[in-house]
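**Student:** If you want the building blocks of each chain, they are given just below.
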Amino acid sequence: MSQISTSAVKTSGASRARFHFAMLLPGGFVTFVLILFALALVVFLGFRLNGGNLLGDGYTLGNFATVLSDPLYLTVSLRSILIAGLVTATTVVTAYPVAYYLAFHAGRRRKLILFLVTLPFWTSYLLRVFAWKIVLAYNGVLNSALMATGLIDEPSLAFLNTPAAVVVTLAHAYAPFAILPIYVALETMPKSLTEAAADLGAKPFTTFRKVILPFSMPGVLAGALVVFVPTIGDYVTPALVGGPSSTMVGSLIQAQFGKANDWPFGAALAVSVMLLIAALILTVRSMDKRYGSRT
Amino acid sequence: MSGGAAAPGQGSRWLGAYVLLYIAFLYLPVSLIPLFSFNDSIQAAFPLMGFTLDWYRSLAGNEALRNALVNSLLVGVSAAGIATLCGVTISYMDVFGRNTTARAISAIARLPILIPGVIVGIALLILVNLAGLGPSLLAIVAGHVLAGLPTTVIIMKGRFQAIPRSVAEAAEDLGAREALVFWRILLPLSLPAVASSFMLAFLTSFDEFIIAFFLAGSEQTLPLYIWSQLRFPISLPVVMALGSVILLASVVIAGAAELLRNRGLSAGERR
Amino acid sequence: MADPLLRLKSVRKEFAGGVIGLDAIDLDIAQGEFLTLLGPSGCGKTTTLRVIAGFEAPTGGTVLLDGRDITPLRPYDRPVNTVFQDYALFPHMNVSENIEFGLWLRKIPPADRRKKVAAALDMVGMSDKISARVTELSGGQRQRVALARAIVCEPRMLLLDEPLSALDAHLREQMQVELKRLQSGLGTTFVMVTHDQTEALSISDRIVVMHDGRIEQIASPATLYDRPATRFVASFIGTMNLLEARFAGLSERMMKFDADGLHLSIPAAGEAPGLGESRTIGVRPEDILISAVAGPATTPARVANIVFHGKALRIRAVIGTATEIVIDTPRQGETSALQAGTNIHVYVRQDATCPVLAA
Amino acid sequence: MADPLLRLKSVRKEFAGGVIGLDAIDLDIAQGEFLTLLGPSGCGKTTTLRVIAGFEAPTGGTVLLDGRDITPLRPYDRPVNTVFQDYALFPHMNVSENIEFGLWLRKIPPADRRKKVAAALDMVGMSDKISARVTELSGGQRQRVALARAIVCEPRMLLLDEPLSALDAHLREQMQVELKRLQSGLGTTFVMVTHDQTEALSISDRIVVMHDGRIEQIASPATLYDRPATRFVASFIGTMNLLEARFAGLSERMMKFDADGLHLSIPAAGEAPGLGESRTIGVRPEDILISAVAGPATTPARVANIVFHGKALRIRAVIGTATEIVIDTPRQGETSALQAGTNIHVYVRQDATCPVLAA
Amino acid sequence: DGKLKYFTWSGYELPDFNKTFLAAHPDGVEFSMFGDDDDAFTKVKAGFRPDVAHPCYDKVARWNKEGLLQPIDTKRIKNWESIFPTFRNLPDIQAGDGKVWMVPWDWGNTSILYRTDLVKDPEKSWNLLWDKQYAGRMATIDAVHDTPLVAAVLAGVNPFDMSPADLEKVAEKLREQRPLLSAYTTDMTSVQQALASGALVAAMTWNASAVALKKQGVPVEFMNPKEGMLTWTCGYVLLKDATNVDLAYDFINSRLETDAGKYLIEAYGYGSSTSTAFAAVPKETLDNLQLPADPDVMLKTTIFTGPMKQNDDLAKMFEKIKAGG
Ligand SMILES: Nc1ncnc2c1ncn2[C@@H]1O[C@H](COP(=O)(O)OP(=O)(O)OP(=O)(O)O)[C@@H](O)[C@H]1O
Ligand SMILES: Nc1ncnc2c1ncn2[C@@H]1O[C@H](COP(=O)(O)OP(=O)(O)OP(=O)(O)O)[C@@H](O)[C@H]1O
Ligand SMILES: [Mg+2]
Ligand SMILES: [Mg+2]
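Protein chains in written order, with my numbering: chain A, 167 to 461; chain Y, 9 to 279; chain S, 408 to 766; chain U, 408 to 766; chain B, 70 to 394.
Read the hints as simulated data drawn from the structure, not as lab findings.
Pair ranges (Cβ atoms, derived):
id, chain 1, residue 1, chain 2, residue 2, range
1, A, A444, B, P154, 49 to 59 Å
2, B, T185, Y, A72, 28 to 38 Å
3, S, D519, U, L696, 44 to 54 Å
4, U, R419, A, Y225, 46 to 56 Å
5, U, L682, S, A744, 31 to 41 Å
Among the chain U residues that face chain S by a calculated CB cut under 7 Å, a handful are:
id, residue
6, G449
7, A576
8, Q604
9, E693
Calculated pairs, DSS-like style, for lysine-lysine (alpha carbon to alpha carbon, straight line, at most 30 Å):
id, chain 1, residue 1, chain 2, residue 2
10, S, K416, A, K369
11, A, K376, S, K514
12, A, K369, S, K523
13, S, K514, A, K369
14, B, K201, B, K283
15, S, K523, A, K376
16, S, K514, S, K587
17, S, K416, A, K357
18, B, K147, B, K309
19, S, K587, U, K718
20, S, K523, A, K357
A virtual CB, placed ideally from N, CA and C, is assigned to each residue, including glycine.
Just need the whole structure built from these sequences, with the hints factored in.
**Tutor:** Written out as structure tokens, the structure reads:
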């Protein structure tokens, strides 16, 4: 069989290096060029004075001081986290059984259901928001249905332009972002684990709680992450269906760059919110560690 | 049959019912889109006013809208493709490459999810101008790669970590270099994750418009078009017609694919 | 058996692809019994356990526990615990959490739980790994955790799928003693799959030999060893020389046979064959003795090869017209001189039990 | 050994958590040798194989192949194939694809590939499962696929981690023959981990006994069995009565010992102990014989229990002041009358090899 | 590179607006679209470089301050003189020397559109949007030059130049309004639907919405408040780095043609800046569109939404109030 020689050692090292290099290339370009540039820009801007220049002139800590000193920003951030948290919880909780069904029960129907689950999202987001407006509106589907069943006498204004509308619309919009990661995680679970739990006397719900859920936790957290973070920064949905009381921090940041023409302050606000979310994520990550990333 | 089952239990039937309900929830608002695309009124509101094909007619005549759709599909597929490629390679290097560069890249790649779209848009606009390229569909693709990347990295990393280490080792042991282990073992084993990553990255791009706004040159994407048309109520029904066409087209394509697959399958079974 | 704890009544299992896993199994297991399933790889041992535990719905037949039909009962409603062939440890729990899981389900108070976990770990000799992650354990360590996890619940019935296969002989023997202690102490009923025949023979009350999804023989170890019912069982349990022997007449209520020169005498039972008729007779390697000199009952043989087996030497030798026989002989002074090619004389021990086998 | 194929030079492996997997291992493996690793669960056998295969970078020491340092070499660049303890089959490939993978990598033409796969499957007796999905295989079937997958590549060196543990005795023996054939036919070098001592003793050229990450003894099977270097090896290999015996004087170049009445005589070697001084002496169970009547060399014993081991009976008996001894005796006429409580007389066979063990 | 780069509101790229230009330069223009001129400004500030853009009057100062514009020579604008004087003389577009920063092109009014059946005989005043009776059933436009401007007028301060104390007064007024509103929005599609369904009884809208809803038979009225409607105007600016200046002039000229203005009035219901366009539209069409035949007269009664000196501070304050601060 193959005789080992020093040249083999070298070529092996070289080809391995070549492969690693190739594998690092696309990601390296995107991260080091594009992402770091954007990141550097926002951090840099955060410390600049708003002035005639594109990127401000002079350095200051004033932007961050303003962010920290005005309780409004914290209030709005917390409100955003609350709404995003609600959205995430709703999305993940309602999506989990679907992912579970896909992973363990769908059988030959798996592809079909996956398709059915993603199909609605091929229509544009803004269209779907409008569709929700039709559902939630004063003369909308929901009000009509409630009136038809006699639950209410006159249409309610309590559906549209409320935080609840934001939660429902976003929970709908992010459904595949929760379903797919959880499905992907569950799909790797050996069936023998649920068998072992049942064998030890665990009823299905206990098996779910103590074995299946912890096993799929990386997927759940991944799903939660890709729902939670973007919803915090969302400003379109609150603007379209949320009414004044669901303004989120994304709108505030957005407005600094457009309407208020104060990029440095917008950047400082963005950096502050990013740090807040990062802190939250790190907390969640430590939870993930507890459940153990299996390798 | 989870939890081991003598019979395909009660539980699974309830679960099936739930899934049906959930799918109904997903389709509840979406099904209104085709409905109102045939409604003879600018207002998308009940009661329905009567049947019309006018909106489809103006859709047929609206080249800008069709171009926007084509652009969106192009951008979506390219951005999702690149984001998935990057997600796969970055996660691979993070999980299997075990060097600090790889780990750093993987950490950075998950950051854009934190950066507001407006900043990504502005930053990339400055960057493409610096590079002398200027805004274009290509720039939008770059922007949407950033938007989709965190999702793909998060999903792929989780999946790669779930593959038992010994499976990859067995392949190496048999003489497969890393590239081959990756192609023949890790990638096939992660196919559901790859497909999911692609799908989510595509959906992200297909709906995104703030980054797209900053990076658009003279060609726009569908969400840009729709967003800017919000001031013109008259265009909503046309957009609904377009949405309906997209739905129909995807159903037809998927149906055809399913049909072909089933044919292939039954042919295979006969053999 | 008047009142079996568990009864399989013509249980059949056909898998989705058409593979027959079990083909109409009938089996009664008594309360407190230690039953072992033996059989070649793929014969349906694991499938049998899975049907008993409730993971696999039989495609035919019923499973009765205490006379009640439990076929539709879910695994968690059966007083049965399993040690899985592939362990099936929970990867997100550490060693003690894995073992504690069943106790937690039974609402045992934490203090008792800890005590029981410690005792179980001690029993399998893994006290030092109490909070190790299961992914960091060696194969044998994993297997021991799986064993501890099933045992700690003290179920009425324990199903063990090759529970000691990854353990060294000493640990294995120790574990066998522990299992036996559970059986007598708690009256636990055991159904075990093992490939170690010594283990099966020494530990079991009864042994079930399976073949191709069917049961070949159910009997006590000694019966199985001495009086295998079929050729398959004879060749499967221990090593057995299956010799074609011609009937050479009756004498003193013993049937005399001649197998290529080897003389066999077997207590007469049933109808004797016709003179010169052929029968297959099983002779254990340890029942063939070696003599340096020719005697009235010996036949010459030529050593083909010798393998060191520890306490014995295994000798392959050729007698008569190229009939190969296997001989196990203790390593004593005279045998150490043997080597391939040596001419020896062999005979069958007088009191050996040599079964006449159905074709 | 002049020119070992593979040499481990003070190889150390400390895992992330601080667990010492290997503690300065030195090992030479000759070309074409059949080496077996034996040792208790968790002693570092798998780790040793993983270091040789290249999956685990040693935290100290070097691995040399043909005299060249291959420590930094990746697994795919080592002419070594492994049968994994947990099989590690590719779940997305069927049986034949799994086996074909290594051949495909070696750019063997498809027709040859098919032929070799068929031959390998035939060898492990799985021709009927050629296109089965690996998830639908029984434990033993999976193990055989893993074996076939490694063997089909005809590597210079095969690492086998308990490759036959899930197989029944017969298949196992068959596979042992096949492995031996590969060794002599292709000159493949084998490093195998097994817990089956009979297997280790019968198949190996040399045996390495490991303990707690260290090597206790490397020797041929017979040497290991007859002259274990340490107490650990003595108690680990086979069953050994470790008796505390007092020196009773020299006679005809034999040292006489007395262990609670049991007389032992051992060829004098080295310095004799002082009269009455104590030594630990190992005596194999099969070297203790039973006599119905008392004789000059016998000592009385009382049967404590009897276990059926198939070809032998294992008797636990008590001699002198509560010293328990283990006796293996063939099942012959007289022994079948024995039962717990019976008074017997025992003595050690004259030509038994009884090692005097270091403390 | 030969093509004019024109950055404009979505929907303002139609070929009918610049027929003569296209006749002379077929395929000579390339459009980029925006939906909001604040975003447009941001994009240009970040480095997007069109030749001609189409912001509104109130943003011109901001563009200028950032140094993005070059003056337009009115001598090269053929129809300059047919532009209503009100627009030509807007103070903040003057660049001196017969040059301007922006050539006004389209304009319209902003006011309260209300349901006549649901709001009985209201006082004709912007105060309707502060009427607690209609809490939760009103909406207003989410733009600095609309809602805060009205608030300033109602608070009695000069919207275009405010002291910090004035700003605080405006803020107070806006805070008072927030709980009464169903939405701050620029999404007229939704506002119109809500007015039609009765979910909203009054909302700040543009005049085109009034026309659309009346056409559908919804009982609405576009109020003429005593404080005055708001009038906005937008127009063309020439970017400092424009590479196709000649094309730009041709383009602006073609957009000032009578036909173009007429098409703007008839298709979108907004006013054209040229008198010739108005003259070309039949009287009853103008009536239908609630546009006067002679805008110069009407425009004397409205408030022009020009540049506000404290625009950025106001915007920041408005954002905070919307968010509940
Ligand atoms: N990844 C790891 N991290 C920490 N400790 C480990 C790891 N892998 C193995 N060990 C520990 O190293 C020791 C040696 O393990 P190894 O797998 O080599 O044992 P072994 O001899 O193969 O045992 P067995 O016969 O049970 O398979 C064990 O105590 C084990 O717990
Ligand atoms: N899910 C399945 N689908 C199809 N065939 C299966 C499935 N599970 C098992 N089989 C087949 O059923 C037969 C019996 O399998 P089983 O696992 O009971 O064997 P076993 O006696 O436990 O063997 P081993 O000693 O190798 O573990 C085997 O031929 C196996 O290939
Ligand atoms: Mg099995
Ligand atoms: Mg091991």
